[in-house]
Each structure stands twice: as structure tokens, then as C-alpha cells.
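A.B. asks: Now for the letters of each chain:
2 protein chains.
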Amino acid sequence: MEVSTEFVMPKGFQAAGAHIGIKKDTDKKDLALLVSDCPAEFAVALTTNVVKAAPIIWNQKVDQAGKKIKAIVCNSGNANACTGSAGIAHNEEMAAQTAACLGAQKNEVLVASTGVIGVTLPIDVVKAGIQKVAPQLKSYAPAGIAAAEAIMTTDSFAKYCTIQTVIGGKIVTITGLAKGSGMIHPNMATMLSFVLTDATISKALLHKALIDSVQVSYNMISVDGDTSTNDMVAVLANGASGAAEIVEGGADWKNFVDALNAVNTYLAKSIARDGEGATKLLTVTVKGSKNIQEAQKLSKSVVSSNLVKTAMFGEDANWGRIVAALGYGGVAFDPTKISVQMASDAGVVSLLSSGEPCDFSEDLAAAVMKKKNIEVLIDLNDGLSWATAWGCDLSYDYVRINGSYRT
Amino acid sequence: MEVSTEFVMPKGFQAAGAHIGIKKDTDKKDLALLVSDCPAEFAVALTTNVVKAAPIIWNQKVDQAGKKIKAIVCNSGNANACTGSAGIAHNEEMAAQTAACLGAQKNEVLVASTGVIGVTLPIDVVKAGIQKVAPQLKSYAPAGIAAAEAIMTTDSFAKYCTIQTVIGGKIVTITGLAKGSGMIHPNMATMLSFVLTDATISKALLHKALIDSVQVSYNMISVDGDTSTNDMVAVLANGASGAAEIVEGGADWKNFVDALNAVNTYLAKSIARDGEGATKLLTVTVKGSKNIQEAQKLSKSVVSSNLVKTAMFGEDANWGRIVAALGYGGVAFDPTKISVQMASDAGVVSLLSSGEPCDFSEDLAAAVMKKKNIEVLIDLNDGLSWATAWGCDLSYDYVRINGSYRT
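Line by line, the protein sequences give chains A and B. Take the first sequence: its letter number 70 is residue 74 in my numbering, and every next letter is one higher. Take the second sequence: its letter number 211 is residue 215 in my numbering, and every next letter is one higher.
No lab work stands behind these hints: they were computed from the structure. Some hints could be false.
Mimicking PhoX-like on lysine-lysine, the simulated pairs with C-alpha atoms at most 25 Å apart in a straight line are [what the hints assert, rightly or not]:
1) A:Lys136 - A:Lys32
2) B:Lys301 - A:Lys301
3) A:Lys273 - A:Lys291
4) B:Lys273 - A:Lys341
5) B:Lys207 - B:Lys65
6) B:Lys341 - A:Lys65
7) B:Lys27 - B:Lys65
8) B:Lys27 - B:Lys174
9) A:Lys71 - A:Lys273
Computed from a prediction, not measured in an experiment: that's the story for all the values here.
The shape of chain A in the complex, shown without the other chains:
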């Protein structure tokens, strides 16, 4: 299913994003609000990092309560992670202030924070900022784009997309916004991603759709092998489309799942493409695997390898590193059976065939590697399953960005 790169606001949602003073640069927005006019069902996938930021702990509680919610508040420039007991209190104040501005309860508000770890949140700035931004809530697209901009940290572009399709007899809109772009190596959860839809669906089914989708989208990208303390994806469904409720198994369910996957995959690829310092999007597909889980493990091992990533940056068809990364991926396979190809708009070059190195054209390999979108195709020749992972190259700029992030 194809996404639109436009931002279309689903029915019954409003958004806002503005600079409130957490980031030093006044041109950079740092607070986003996403609000549903009526209470919305929601599902979340939260980081598996043992060290969880204050908003993650809060959202776990809100999720366990099982009630509908009204809003998401998200600040950038400060992760409110490793901030001790003060951080927990500040997070609750963020939820309470947002609720007060919306006439809601604090446990109807999800909270997200992203930015530097271990610095106390300037809570007075944040509370005043929420009061300033809440009156700016609007249901048109520029307000949604402003929200997408306000959750950025080292991202170089705002990430959002939309799908509209007929579900339950009505046009349903699914719109997602997300941010990267460092500490990206999701594990059973993701970086920040918010998906809004006016579809009508139960919490249980929304949760099932989200968890399945996360496995093949956000969990299949890596920028640097570091899993964040603040990872989360949240999907809100408010039913404002007036569509009939989605039930499991039918055509509407399949349609919704396909649309949600398309939105999540688009956002995940955007995050990989915009990895810190990235100059190329790297797509690694492992096929011929005995099962999907092994194909996922191997494709992620290759896409996460620093040596593969630096070779991509150097535009060097160093396929030995690809094979080495397969080999330590934690899956048993027969090295004498595997084949490796690289491809881009410039063509396809075969590097290894059934375990024997190919006598390939260095000129063709160089032409293939020069492009911005590089595909690595690995065939284990041992089954019918496959998986795709996305990542980026490792450049001087990754080192520059992260050598001086905090100060």
C-alpha cells in the first residue's frame, strides 16, 4: 500500500507545535501537542531498555489503566531520563498541565520526551509552554507539520505520511509522525512515533495491529546499535470517521493492518535514511531462510555492522564484511550455500554465489555504490522466508554530531 507524503489530519484531531524555550535556538520548535476531540482508544509499544525515562514509566501506567485518552504532549531538547525522583514528578506535572488546558484528566494524557539524558527538565518553562501552545491547536495540516517539527532533535527533516482508504464503509485516514535520528536500534519497541487515525477499533485489536506492525517496521531499523531509554510508538484511534468498528479477520481488518504497516514502514525508513550523519539509505534483505525470525536477525546484523556502514560511506563493495556480519548474527547457516548481491538504480552486481566469490566488475560495483539508495540482497538458499532491515552509512558527520551533542 502506497503512502502519501502529505500530512492529512484525521477527523477529530488537532495538533500544535512551537518553540517554548527548552532548546537554545529560538528557531527550533520544542513542544508538540496532539489532541483528540473525543476520547480515543490507543495502543503503545515502549522501550525494552531497563533504564526507562520518566514518560515511559508514566505511559506504562496510563496503558495499564485501560481507559481512553485525549492527548499526547511531547517535548524535545530534554529526554527526562535518569533524572531521578524529580523527573518522575516533572513528568506528572507535564501531564497535569496539559490536562488542565484541555479540560481533561491527567491520566488521559500520554507524555513523551526526547533529547539529552540526565539533565533536569526545566519544568516551569515546560508548563508555561504548554499553556502557550494549547490555544494554538488546529485541525489543519500545517499544525500537524508543526508538531512533527517540534519533536525533532538531530533529525534533518520532519517525518510524516498519510494513508486514506475505505474501512467500515467510510474513508478512514491514518497519519503518522516520527523522529529519529540517533540512539536508534529499536528492540520490541521504537523511537518516537505517533500515529493518529479516525478509524473505529477496540483497544485490544489496535494493540495487536501495532505490535505486529512494529516487528516489521521500527524494529527492523538501526542507526547506531544503541536502544534509547525513551523509545515509544503510540497509535490513537478516535472513531471520528464514523466508520463501522473494525473486527478481526475481515477485509476491513486486513485493510487497516496493511495501511498501518505502510505508514509505520514509511516512517521507519525515513528515520533510517535520516540517521545521524547518514548519506545513504541501506536496505538489507535476507531471503531463502528457514523462518522469518532468522531472516530478521541476520538482516539486522548486517545493517547494524559498523564495518558494513563505513564501507557504504566509502562506496566500497567490501562484501566480505557483509558475510562476516551474517556470520556473527546468532543464526546457524551453511556458508557454502549463500549468495550476495548489491543493487541500486545503477544496476545489480553479484558478489558471492553459493559460497564462491564472483569475478565481478569493479566499475559496475563502483557505479552501484555511488547511488543514495543501496540494496543488499542475501540468499541463504535454505528456505522460503525472508525479511528486510533498513539502516544507513556511518560517516564523519556521525562522529562530529555525537562527539559534541551534550555541550
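Using the hints, position chain B against chain A.
C.D. replies: This is chain B only, laid out in the frame that chain A set:
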């Protein structure tokens, strides 16, 4: 136990190293021979990478045969990995040629190769080279140093050390030589490291000493998270000291194990310090752990984090990244109990105390980070076990070196 940074040749061993034409630069040695005058007991630890280079497959067979050996032949500049059936044949020819020059059997020769993966070994050059180098075998130190130089790839200095101690009533010498410096993230095995000793010890006991030692030395370093296809460590013990045979449990056994650990730890730290592009040695100790295995997992997770490594390069006391890396290390712990300090010759700075961020001096932190040897001290406050891991920072030069390694 303190090592000497001199190269002292153990009794009954000879070495040689020279340029034979695998590397383009004629100033760079690329073939090493290590030979025992009499057959020596040996033990090896080989890579756990599923994709094993031809020499690894060969050494497995030699090891399983259980007989004593006479020599190690090692080339640099070509890994003879992913070279298909031709690579297997070339490796056997290397062993046979070495054996022929020494009047030995080919299954008395261990083989090691290091360098680029997936390029056919120029076997005629290698065989002629072995014939050229064998007559240069000498028992004095410069020959050993030449061998240490001949196994280097992107290493910036040759790595070797010696311990002499009284075992079995005689002076016993243990001398190790090793190479890094990329694709370093050993897993139950190591990069290339050869340890020679004139101690008298059975194969079973030598194996036990090696496997235990590898766990706390080579397996606790990481340069880039990539586990090589060619990793190996081999220990040869020829008994030429005339010392009584070491038996398990006594003072001699303890002395030998301590000395072997000291040699291996010194070489492992040298490899970390000389990681590709490294400007700093990073030492991460996790204490207060329930058991050693968990402390090892957590300390390796921190030392392997790209974000921690770039912060080190940028001399930025970004301790939040340390805590994030602990959190995804695969071990459950209580984040509200942990403390984090950084230390160097310039002092000690406390960053996190029992889960609460410290109000630390940025000036002191900057002074600590400016040094070449940075220690990170983490206390889980949950037990009595500890472990140390070693690594290096991630610099522009890592990207430069690996962006253009193959070509």
C-alpha cells in the same frame, strides 16, 4: 602480575617475519613464522563466527587430532575467508609448504590469515615467501618482533609482551604477540594472538588455562562490535625450560595461570588502545553485580556503544549514554540503585549516585575527559561481583580507515 614490554624468546622457539609480496607496500611485512624446535603442546580458541575462514577450519582439524605441533604460519594482507573451495586448498598448501621447509608434517602446522575478506590468496607468492622466510628463523628477540610486525594489518604498533617466572623449579618464559585492530568484538574467541612458552604442561591443562583466560581478556574488548571470521588465539608450550610438568591446583598452576592472564590481558588492552582510529583507551568496570557474567555483559555493552565512544572522542562527559547502554545490555537491574563515575589521571568525577544525577563540576569533568586513559566506574549496588571491559573511542579516523579499506 606485571608483564615486561620487551620481547624475550622462550627457550626452544624461533621466529621470523618479512615482506613476501602480499601487501603492496614493500616496507610492510606480511608473513610470520613461529617454530618450536621440538613438538609442542598447544591449545586454541577459534572464532564463533558461523562464517569461518579457511585457516580456522584447518586449525579445528589440527586441534581435534590431538597431536603436538611444530609451527604457526601467518600471513597478513589477505584473510583467506569467503574464498570458497580454492581457499581451503590454498590453506592446505600453506601448511604443506611450511612443513616441507621445516621437515615436519603438514598437520603439525597451524595456519592464520588476516586482512581483506573474499579475495583469493596469491598462493604462489605465499609459497615462495615461506621458502624465503624459513631460512631466516632465529631464536633472538628481533626475529620475534619481526614476526609481531608481520601479522599487523591496520595496527599502528606491534603488540607483544613477556613474563618470566619460576614454575616447576625453573625459570619459565611466556611471550605473546597479537594484532588488532578492526573487526574486533571477540565472542568466546579472539582476534589473532599467539602465545609461546617453554613451560611443561599437558594439552588438557593448557586448554583449560587458555579458555578461562580468554573470558577475562580478549573476550572483554571491543573496537567496533564486529566479530571477525578469522579470530584465533593459540598457545604453544614446548617444555624447553626443562621445568617439571605443571599439575592442576598447585602453586605452579596458579603461577602459570596468573602469568598467562597477565600476558593475555596486556595484549587485549593493547588491541583496544590501538583500535582503528582510536585516540583513547576506555576502561569500563561494573561492580556491585550479582555475578560475574552480568557484570561482563554490562561492561561490554557500555564499552561497545557507538554513542559512548563518540562522546569519549568528543571529550564530552555524556553519562546518560553510559546509563542507556547499561539499560539495553540484556541484564535486569534496578536503575534507582546505580552510581556512575568517570576517572583519569586528572581526578574522579561522580555523575550519578543511587539513581539521582549529581551536580558535578563541568571543569573537572572536562579535565578528566582530556586524558588518554579514561575509566568508567559503575556500581550496581546489588552484589559483590565485578568485571572490566576495554575499548576505545570512535573517531573520524575510524570512518576514514574503514571507508576505503579494500581498495
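A.B. asks: Decide, hint by hint, whether the structure agrees.
C.D. replies: Hint check:
1. A:Lys136 - A:Lys32: Distance of about 16 Å is within 25 Å: holds.
2. B:Lys301 - A:Lys301: Answer holds: Lys301 (chain B) to Lys301 (chain A) is near 20 Å, not above 25 Å.
3. A:Lys273 - A:Lys291: 19 Å, holds
4. B:Lys273 - A:Lys341: 37 Å, violated
5. B:Lys207 - B:Lys65: Given that 25 Å is the threshold and the Cα spacing comes to 15 Å, the pair holds.
6. B:Lys341 - A:Lys65: Roughly 22 Å separates the two Cα atoms, so the pair holds.
7. B:Lys27 - B:Lys65: 28 Å, violated
8. B:Lys27 - B:Lys174: 42 Å, violated
9. A:Lys71 - A:Lys273: 32 Å, violated
Against the hints set out earlier in the document, violations occur for numbers 4, 7, 8 and 9.
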